[in-house]
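Q: Sequence:
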Amino acid sequence: MSEIINTINVFCQQRNQNPPEIDCCLNDLPSNDFNTTFKFIQFFNGMNITSKGSYFVYGVPGSFYSRLFPRRSLHFVHSSYGLHWLSKVPEGLEKNKMSVYITNSSPLSTYKAYLNQFQRDFATFLKLRSEEMVSNGRMVLTFIGRNTIDNPLHRDCCHFWTLLSKSLRDLVAEGLVSASKVDSFYLPFYDPNEKEIKEMVQKEGSFEIRDLETHGYDLGHCNQDESKRSKSGQNEANYIRAVSEPLLVAHFGDAIINILFNKCDCKSEYKVDEERSSKYPFVGALCMNGGDVDNSYTTNSLLQKRVLSITNPILVKNTEEMLTNLDFPKCIKVADLGCSSGQNTFLAMSEIVNTINVLCQKWNQSRPEIDCCLNDLPTNDFNTTFKFITFFNKKLTSNGSCFVSGVPGSFYSRLFPRKSLHFIYSIYSIHFLSKVPDGLEKNKMSVYITSSSPLSEYKAYLNQFKRDFTTFLRMRSEEMVHNGRMVLTLIGRNTLDNPLYRDCCHCWTLLSNSLRDLVFEGLLSASKVYSFKMPFYDPNEEEVKEIIRNEGSFQINDLEMHEFDLGHSKEECSLQSHKAKAGQKEASCIRAVTETMLVAHFGDDIIDALFHKYAHHVSQHASCRVKTSVTLIVSLVRK
Numbered sequence: 001m002s003e004i005i006n007t008i009n010v011f012c013q014q015r016n017q018n019p020p021e022i023d024c025c026l027n028d029l030p031s032n033d034f035n036t037t038f039k040f041i042q043f044f045n046g047m048n049i050t051s052k053g054s055y056f057v058y059g060v061p062g063s064f065y066s067r068l069f070p071r072r073s074l075h076f077v078h079s080s081y082g083l084h085w086l087s088k089v090p091e092g093l094e095k096n097k098m099s100v101y102i103t104n105s106s107p108l109s110t111y112k113a114y115l116n117q118f119q120r121d122f123a124t125f126l127k128l129r130s131e132e133m134v135s136n137g138r139m140v141l142t143f144i145g146r147n148t149i150d151n152p153l154h155r156d157c158c159h160f161w162t163l164l165s166k167s168l169r170d171l172v173a174e175g176l177v178s179a180s181k182v183d184s185f186y187l188p189f190y191d192p193n194e195k196e197i198k199e200m201v202q203k204e205g206s207f208e209i210r211d212l213e214t215h216g217y218d219l220g221h222c223n224q225d226e227s228k229r230s231k232s233g234q235n236e237a238n239y240i241r242a243v244s245e246p247l248l249v250a251h252f253g254d255a256i257i258n259i260l261f262n263k264c265d266c267k268s269e270y271k272v273d274e275e276r277s278s279k280y281p282f283v284g285a286l287c288m289n290g291g292d293v294d295n296s297y298t299t300n301s302l303l304q305k306r307v308l309s310i311t312n313p314i315l316v317k318n319t320e321e322m323l324t325n326l327d328f329p330k331c332i333k334v335a336d337l338g339c340s341s342g343q344n345t346f347l348a349m350s351e352i353v354n355t356i357n358v359l360c361q362k363w364n365q366s367r368p369e370i371d372c373c374l375n376d377l378p379t380n381d382f383n384t385t386f387k388f389i390t391f392f393n394k395k396l397t398s399n400g401s402c403f404v405s406g407v408p409g410s411f412y413s414r415l416f417p418r419k420s421l422h423f424i425y426s427i428y429s430i431h432f433l434s435k436v437p438d439g440l441e442k443n444k445m446s447v448y449i450t451s452s453s454p455l456s457e458y459k460a461y462l463n464q465f466k467r468d469f470t471t472f473l474r475m476r477s478e479e480m481v482h483n484g485r486m487v488l489t490l491i492g493r494n495t496l497d498n499p500l501y502r503d504c505c506h507c508w509t510l511l512s513n514s515l516r517d518l519v520f521e522g523l524l525s526a527s528k529v530y531s532f533k534m535p536f537y538d539p540n541e542e543e544v545k546e547i548i549r550n551e552g553s554f555q556i557n558d559l560e561m562h563e564f565d566l567g568h569s570k571e572e573c574s575l576q577s578h579k580a581k582a583g584q585k586e587a588s589c590i591r592a593v594t595e596t597m598l599v600a601h602f603g604d605d606i607i608d609a610l611f612h613k614y615a616h617h618v619s620q621h622a623s624c625r626v627k628t629s630v631t632l633i634v635s636l637v638r639k
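Mind the numbering: the sequence shown is residues 1 to 639 in UniProt numbering, read in order.
Read the hints as simulated data drawn from the structure, not as lab findings.
This structure is a prediction, so every number in the text was calculated from the model and none was measured.
Beta carbons: idealized from backbone N, C-alpha and C, even for Gly.
One thing to keep in mind: the hints can contain errors.
Quick list of the computed label-pair ranges, beta carbon to beta carbon [what the hints assert, rightly or not]:
| no. | residue 1 | residue 2 | range |
| --- | --- | --- | --- |
| 1 | Val10 | Met98 | 25 to 31 Å |
| 2 | Glu560 | Ile607 | 33 to 39 Å |
| 3 | Lys203 | His154 | 44 to 50 Å |
| 4 | Ser309 | Ile607 | 27 to 33 Å |
| 5 | Glu560 | Arg467 | 45 to 51 Å |
| 6 | Met98 | Ile41 | 43 to 49 Å |
| 7 | Ile41 | Thr495 | 52 to 58 Å |
| 8 | Asn325 | Arg138 | 32 to 38 Å |
DSSO-like mimics (lysine-lysine), calculated; alpha carbons at most 30 Å apart, straight line [claimed, not checked]:
| no. | residue 1 | residue 2 |
| --- | --- | --- |
| 9 | Lys528 | Lys459 |
| 10 | Lys95 | Lys112 |
| 11 | Lys127 | Lys459 |
| 12 | Lys387 | Lys585 |
| 13 | Lys459 | Lys545 |
| 14 | Lys528 | Lys435 |
| 15 | Lys195 | Lys97 |
| 16 | Lys419 | Lys330 |
| 17 | Lys466 | Lys395 |
| 18 | Lys585 | Lys395 |
| 19 | Lys528 | Lys442 |
| 20 | Lys466 | Lys442 |
| 21 | Lys88 | Lys112 |
| 22 | Lys435 | Lys585 |
| 23 | Lys317 | Lys127 |
| 24 | Lys317 | Lys263 |
| 25 | Lys88 | Lys203 |
| 26 | Lys263 | Lys95 |
| 27 | Lys198 | Lys112 |
| 28 | Lys166 | Lys263 |
| 29 | Lys466 | Lys39 |
| 30 | Lys203 | Lys127 |
| 31 | Lys387 | Lys459 |
| 32 | Lys435 | Lys545 |
| 33 | Lys419 | Lys639 |
| 34 | Lys88 | Lys419 |
| 35 | Lys317 | Lys442 |
Construct all of the structure, not just a fragment, from the sequences and the given hints.
A: Quick look at the structure:
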């Protein structure tokens, strides 16, 4: 991707053209480890990019054998070592016993079954990309192939799938795997030759071949001396394991994996002598699962779900107004800023998409293609979010074209190209600041503002919020179209004369009390607690109004304040056993939001003890169990 961006920037410089804004879309299956990929965005930004032009990175979960992008939206497509993977295992492989792929001894029907599946898949891929690409767009595809020879079954003795088959047969011979289990496992893979590729591209008809090259290269361990062969075998086994382990575990379970690849290691080492001239490229793909545990946000976001039910009427109203004022665009781009992870991520998005589809039907308009962009920091668990795409699709009332992407980055920076967004919403995110304010040294042993804090602390937090919220509005004003809509939902407070007022059961007050308990018990140093502050601010209505008016890019359409209790029933508050349960429930919710920050500052040894204290404080004080939360909802129109 950096090579493509540099080429664009250099060419623009040579032609005396301004470098364009570039959308960089990274696609893989929803089970791909997007979390790890997004952590390397900083590395990408630090690479030798030849220009400071604007480029924006997206993660696009989905199969490339389905539509992934709106029509005529792509200018350049690149796929490296992806297209040799099929959409499914071909049918009719029953005669190919004890081999995971084609071998020299396979029946010809096995080759034909694999070829037919590849033809169907590659034709589908080309057709879908032809719908998404502009005329004269370019596509570069790199995949594992084979030489064009008369025998279509030929795979040399060191073909990696041949080695894997032999290793599985060893486990059968040792009684570790049943023969029937191996007989039923086949790889969804095909290595075409040049002629097959040409025929398929020409037959599909949407693309003209500009270049078609075949390259053979050494895997790096031919002609090695004896001392290096063992290491070469291990390297090759590791490569194959990285590619195939999820498939193997799904079929065989994980108990045999280490033994299996020890076998591959040995066979690769021995076969170097048999076939020194073997020249095959390797796939370098890895697929891992994201976490979903008891203390995760996914498990503890009931409060956010309730907030969404309050926000829904304003979301629907502004979606309808956006559609009619923009005269029903053919493609609509919607962004969720601060999406977090889990199922709740898709609740608001599905409401917006369904509203668009219903209104289009009501006004007899064609349904638009909808880009659904989910933004959060690169450290967010996008892996877990992408697992719920199936849930999202089920929530939709229509089968219109809807494309989901993940957008890693801070919403206090530019995230999207200019004038590209039609609708933005953010739920329970804007109250988090870009950094802890300066000048909080006088507020000892409290992680946030309390009734006893110095007034300077309130001013420091307010000033930081003003800077951040102004930056947020300015960034979004550059990204939104004229008359676009934005709905923001955030934690707020009542407008009172005393700006320091936070009741005794404010969540951060309880967290401060719990940290002090650990200091008194000698589990934490006081200085460590002194230096920890929450990057958070709960504004009132007047503060929000003033900042929006001063920034000037948006007009306030709606501004509402809602109070609601945190969900502990009177029964929970009266029975001792229920008191403890209510306390634990609230502690888990706060833990889901704050644990990452707390671990970064205090380490993870004290976390369980800390939230045990938190739950105890909630359960022991009746006012903590019936407290209310204030939520501000503001909808804005881009001027």
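Q: Against each hint, give a clear statement of whether it holds in the structure.
A: Against the structure, the hints:
For the pair Val10 and Met98, the beta carbons lie near 53 Å from each other, so the given range of 25 to 31 Å is not met. Between Glu560 and Ile607 the CB atoms are about 36 Å apart, so this pair conforms to the stated range of 33 to 39 Å. At roughly 25 Å, the beta-carbon separation of Lys203 and His154 lies outside the given 44 to 50 Å, and the hint is violated. Taking 27 to 33 Å as the suggested C-beta distance range, the pair Ser309 and Ile607 conforms, at roughly 31 Å.
Distance hint for Glu560 and Arg467: a CB-CB separation of about 25 Å, inconsistent with the stated range 45 to 51 Å. Separation of Met98 from Ile41 is about 44 Å and conforms to the stated range, judged on CB atoms against 43 to 49 Å. A beta carbon spacing of about 40 Å between Ile41 and Thr495 contradicts the range 52 to 58 Å that was offered as a hint. Distance hint check: the CB atoms of Asn325 and Arg138 are about 36 Å apart, consistent with the given range 32 to 38 Å.
Our distance criterion of 30 Å between C-alpha atoms is met by Lys528 and Lys459, whose separation comes to about 24 Å. For the hint pairing Lys95 with Lys112, the CA-to-CA distance comes to about 13 Å; that is within 30 Å, so the pair holds. Taken as a hint, the Lys127 and Lys459 pair is broken in the structure, with Cα atoms around 58 Å apart against an allowance of 30 Å. Between Lys387 and Lys585, the direct Cα distance comes to roughly 25 Å. Compliance with the 30 Å bound is thereby established for this hinted pair.
A distance of roughly 17 Å separates the Cα atoms of Lys459 and Lys545; the hinted pair therefore holds under the 30 Å criterion. At most 30 Å may separate the alpha-carbon atoms for a hinted pair to count; Lys528 and Lys435 meet this at roughly 18 Å. With a C-alpha separation of about 28 Å, the suggested pairing of Lys195 with Lys97 holds against the 30 Å cut-off. Annotation: proposed proximity of Lys419 to Lys330 holds, straight-line Cα distance about 15 Å (limit 30 Å).
With a C-alpha separation of about 37 Å, the suggested pair Lys466 and Lys395 falls outside the 30 Å cut-off, and the hint is violated. For the proposed pair Lys585 and Lys395, the alpha carbon gap of about 28 Å is at most 30 Å, so the pair holds. Restraint check for Lys528 and Lys442: satisfied, since their Cα atoms lie roughly 14 Å apart, inside the 30 Å limit. Of the pairs offered as hints, the one joining Lys466 and Lys442 holds, with about 21 Å between alpha carbons and a cut-off of 30 Å not exceeded.
In summary, the hint linking Lys88 to Lys112 is supported, as the alpha carbons are separated by about 15 Å, within the 30 Å threshold. The hinted pair formed by Lys435 and Lys585 meets the criterion: a straight-line CA distance of about 28 Å does not exceed 30 Å. Between the alpha carbons of Lys317 and Lys127 the distance comes to roughly 37 Å, so the proposed pair goes past 30 Å and is violated. The straight-line distance between the Cα atoms of Lys317 and Lys263 is roughly 62 Å, outside the 30 Å bound, and the hint therefore fails.
Between Lys88 and Lys203, the direct Cα distance comes to roughly 22 Å. Compliance with the 30 Å bound is thereby established for this hinted pair. In summary, the hint linking Lys263 to Lys95 is supported, as the alpha carbons are separated by about 25 Å, within the 30 Å threshold. Our distance criterion of 30 Å between C-alpha atoms is met by Lys198 and Lys112, whose separation comes to about 17 Å. Using a Cα cut-off of 30 Å, the hinted pair Lys166 and Lys263 holds, with the two alpha carbons roughly 8 Å apart.
Restraint check: the Cα-Cα separation between Lys466 and Lys39 comes to about 29 Å, which is no more than 30 Å; the hinted pair holds. Under the criterion of a C-alpha separation no larger than 30 Å, the hint pairing Lys203 with Lys127 is consistent with the structure, at around 11 Å. Taking the CA atoms of Lys387 and Lys459, the gap is near 42 Å; set against the 30 Å cutoff, the hint is violated. About 22 Å separates the Cα atoms of Lys435 and Lys545, which keeps this hinted pair within 30 Å; it holds.
For the proposed pair Lys419 and Lys639, the alpha carbon gap of about 12 Å is at most 30 Å, so the pair holds. Taking the CA atoms of Lys88 and Lys419, the gap is near 40 Å; set against the 30 Å cutoff, the hint is violated. Taken as a hint, the Lys317 and Lys442 pair is broken in the structure, with Cα atoms around 45 Å apart against an allowance of 30 Å.
Violated hints, listed in ascending order, are 1, 3, 5, 7, 11, 17, 23, 24, 31, 34, 35; each of the other numbered hints is respected by the structure.
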